[in-house]
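**Student:** These are the residues of each chain, in order.
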Amino acid sequence: MKNYGQTKECLFHIQNLQKSYDGKEILKGLTIPVYAGDMIGLLGPNGAGKSTMTKIIGGIEQKDAGTLLFHGKDVHKNPREFKRKLGIVPQEIALYEELSAYENIQFFASLYGLNGTKREKKIEEVLRFVGLWERRKETPAKYSGGMKRRLNIACSVVHDPEILIMDEPTVGIDPQSRNHIMNLIRSLQAAGTTVIYISHYIEEIEELCNRVIIMDHGQILVDEEKEALKKRYVEQGMDHLESIFLSITGTQLRDEVE
Amino acid sequence: MRELWTLTIFQMKRRVRDGFSIGYNVIFPLVITALLGLLTKKQFTQTITSYQYYALVMIPFCATMSIITAAYAGKEDAYAKTASRYLIAPIHEKNIVVAKILSCSLIFSCCNGVTFFVCCALWHIPSSENWWLIFLLLCVLSFVIASIGVLIGTGMKNFLVLKNVINIPIGLCAVAAGVFYPFGTSDRLIQSLQNLSPLTWINRFVFAALYDCRSKEIGILIVILVMVGVGMTALAVKNFQKEEFIHGDLPGYQK
Numbered sequence: 000m001k002n003y004g005q006t007k008e009c010l011f012h013i014q015n016l017q018k019s020y021d022g023k024e025i026l027k028g029l030t031i032p033v034y035a036g037d038m039i040g041l042l043g044p045n046g047a048g049k050s051t052m053t054k055i056i057g058g059i060e061q062k063d064a065g066t067l068l069f070h071g072k073d074v075h076k077n078p079r080e081f082k083r084k085l086g087i088v089p090q091e092i093a094l095y096e097e098l099s100a101y102e103n104i105q106f107f108a109s110l111y112g113l114n115g116t117k118r119e120k121k122i123e124e125v126l127r128f129v130g131l132w133e134r135r136k137e138t139p140a141k142y143s144g145g146m147k148r149r150l151n152i153a154c155s156v157v158h159d160p161e162i163l164i165m166d167e168p169t170v171g172i173d174p175q176s177r178n179h180i181m182n183l184i185r186s187l188q189a190a191g192t193t194v195i196y197i198s199h200y201i202e203e204i205e206e207l208c209n210r211v212i213i214m215d216h217g218q219i220l221v222d223e224e225k226e227a228l229k230k231r232y233v234e235q236g237m238d239h240l241e242s243i244f245l246s247i248t249g250t251q252l253r254d255e256v257e
Numbered sequence: 000m001r002e003l004w005t006l007t008i009f010q011m012k013r014r015v016r017d018g019f020s021i022g023y024n025v026i027f028p029l030v031i032t033a034l035l036g037l038l039t040k041k042q043f044t045q046t047i048t049s050y051q052y053y054a055l056v057m058i059p060f061c062a063t064m065s066i067i068t069a070a071y072a073g074k075e076d077a078y079a080k081t082a083s084r085y086l087i088a089p090i091h092e093k094n095i096v097v098a099k100i101l102s103c104s105l106i107f108s109c110c111n112g113v114t115f116f117v118c119c120a121l122w123h124i125p126s127s128e129n130w131w132l133i134f135l136l137l138c139v140l141s142f143v144i145a146s147i148g149v150l151i152g153t154g155m156k157n158f159l160v161l162k163n164v165i166n167i168p169i170g171l172c173a174v175a176a177g178v179f180y181p182f183g184t185s186d187r188l189i190q191s192l193q194n195l196s197p198l199t200w201i202n203r204f205v206f207a208a209l210y211d212c213r214s215k216e217i218g219i220l221i222v223i224l225v226m227v228g229v230g231m232t233a234l235a236v237k238n239f240q241k242e243e244f245i246h247g248d249l250p251g252y253q254k
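Those sequence lines, one after another, are chains A and B.
Just so we're aligned: 232 in numbering that gives the first Met the number 0 is position 233 of the first sequence, and the numbers increase by one with no gaps anywhere.
Just so we're aligned: 190 in numbering that gives the first Met the number 0 is position 191 of the second sequence, and the numbers increase by one with no gaps anywhere.
Just so you know, these hints were derived from the structure itself, not from any lab.
Built from N, CA and C at the ideal position, the CB exists for glycine as well.
Please note that a few of the clues may not be correct.
Below, simulated EDC-like cross-link-like pairs (lysine to aspartate or glutamate); rule was C-alpha separation at most 20 Å, straight line [said to hold, decoys possible]:
no., chain 1, residue 1, chain 2, residue 2
1, A, Lys-141, B, Asp-17
2, B, Lys-241, A, Asp-21
3, A, Lys-121, B, Glu-2
4, A, Lys-84, B, Glu-92
5, A, Lys-117, B, Asp-17
6, A, Lys-136, A, Glu-123
What the simulated footprint calls covered on chain A by chain B, stretch by stretch (three residues with Cβ under 8 Å from a Cβ of chain B suffice, anywhere in the stretch; the number is not a length) [what the hints assert, rightly or not]:
no., region
7, 47-61
8, 82-93
9, 97-108
Can you build the whole structure from these sequences, using the hints too?
**Tutor:** Structure (C-alpha cells):
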C-alpha cells in the first residue's frame, strides 16, 4: 500500500476493521486512512464488504474488532460527535414519499439539531444546490428518479458533513441527472467536504476521484492515487480503470448478496 | 429532550396523516355501535340502552385493536426505507422507540377520548362525576397498547406473522368480555375464562364507575395499566433491534 498524502491531515482513519457473520469473515482487518479533502473512489464486486463497512461507520452495525478514529479521536467514545460530522447517502431512496421535499429535509435536518432560522436557511441553500427549490412543495412521489436521487443527497448533506459517504448515488437515473449529480459532488468537494464514493460505475470514479481503493473479500487490494495506479498499469496495456479493476478482482461472476 | 420532542411531534403528524387512528378509533366504533345498538335495541332495558352498552364495550375493544396501528408505526420507517437515516443520525436509539410510543399514546388517547365524548352526547351515557376516570383509563390503555405495538414493530422478529396472529387473542378476549354480544353465565369454568380477558375487567369497572358511581376499582386498574405500560416501554427500549427496525421480515428482504 502506498504511503501518500502525508502532508494532509488524516481526518478519518479506519484501522484493522473486522466483521464476521455466522463465522464468515466479511471484513478482514480493513485499514483506510482518509485525508481531509480526499475524493476516494471505493470499488469492489458484490460481497466485497463495502456496504458492511459503510454500515459500521454509520453505526448501523457493530464491528467485531478495529478502531475508527475521527480527528485522531476514537469514534466509539463519542459516536454522537462523529455522527454530527458524518453524512451518508444511502443506496436506497430513503425519503418519506408522502412528505414534501421541504418537509423531508426539514425533518432530517432536525435530527442533526438544526432548528429555527438557521435550519430554514440551510434547507433553502441545499434545495437550491440540488436544483429542487422551485419544486420543494411537491412530494417525492411526483418526482422522477433523478430528482429523488438529488433529494436523497440533499437530505444527507443538509447538516454540512465533514465526511460524506455516497453509496451508489447514481443508480438507475438518466445521463442528464447523473451529470447533474456528478457536478454536485464536485461542488461538495470544492467546498471542502471529504467524499468516499462507492459505485459500480467505474467511469464515474475515473472522472471524479483522485484516489482509488479496490476491495474484495473484505480486504483492500489496491489503495493508490488514481493517476499513479493508471500509470502503473498502462505498461500492461490497461489504460482504463475498468480493465485494471477486472484484472485485479477477476472476471468470474459474483452473485452474493451483501 | 429536544431530540425526543422533535421525534414525537414528527411521529404524531404522521399518525394524524395516515388516518388509521381516526378510522379505527373514531369512525369504526361509532358506526358499529350505531349498527349493533339498532339491531339489539329491544334486548336491552332502559337502565342501560343497547347504544350505551355497545359504545362502552366497543371503545376499549377498538383501543386494544390499535395495537396493529402501533406495530405498523414501529415498522413504518422500514417500509419507507428511512430507518437507516435515524440510526446514522446523532440521536439516541431509545428516543426513537419512546417517541413512537408517546406519539401513538397521545393520538390514540385523543381519538378514544373524542369517541367517548361523542358517544356520551349521542346516546346519553350518564356522565357522572367519574367521566374523567374513564377518559384517564382510555389514555392509560392507549399507552399500554402503544407500548406493546411498538415493541412488536421495532423489536420482534416475524413481524408480519405476529401482526396477523395478534387479532386472534384480542378477538377471543373481546368475545369473553361480551363486546359482540353480552352474556352472563353461572358456569364457573366459563366465568373463569371470562375473567382471563383484560377487557372483561375494563368493561366491568367502566360500567361500575358510570352506573354505580364506584371509582376505587377503576383507580386500581389505572395504576396497574400504568405499571404495565411503563414495563412494556422499558422492554421495547431494551428489545430495540437495529436489524428489525431497518428490515425485519419485510417481503423481499433476504437476511
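**Student:** For each hint given before, does the structure comply? Return the numbers of the non-compliant ones in rising order.
**Tutor:** 5
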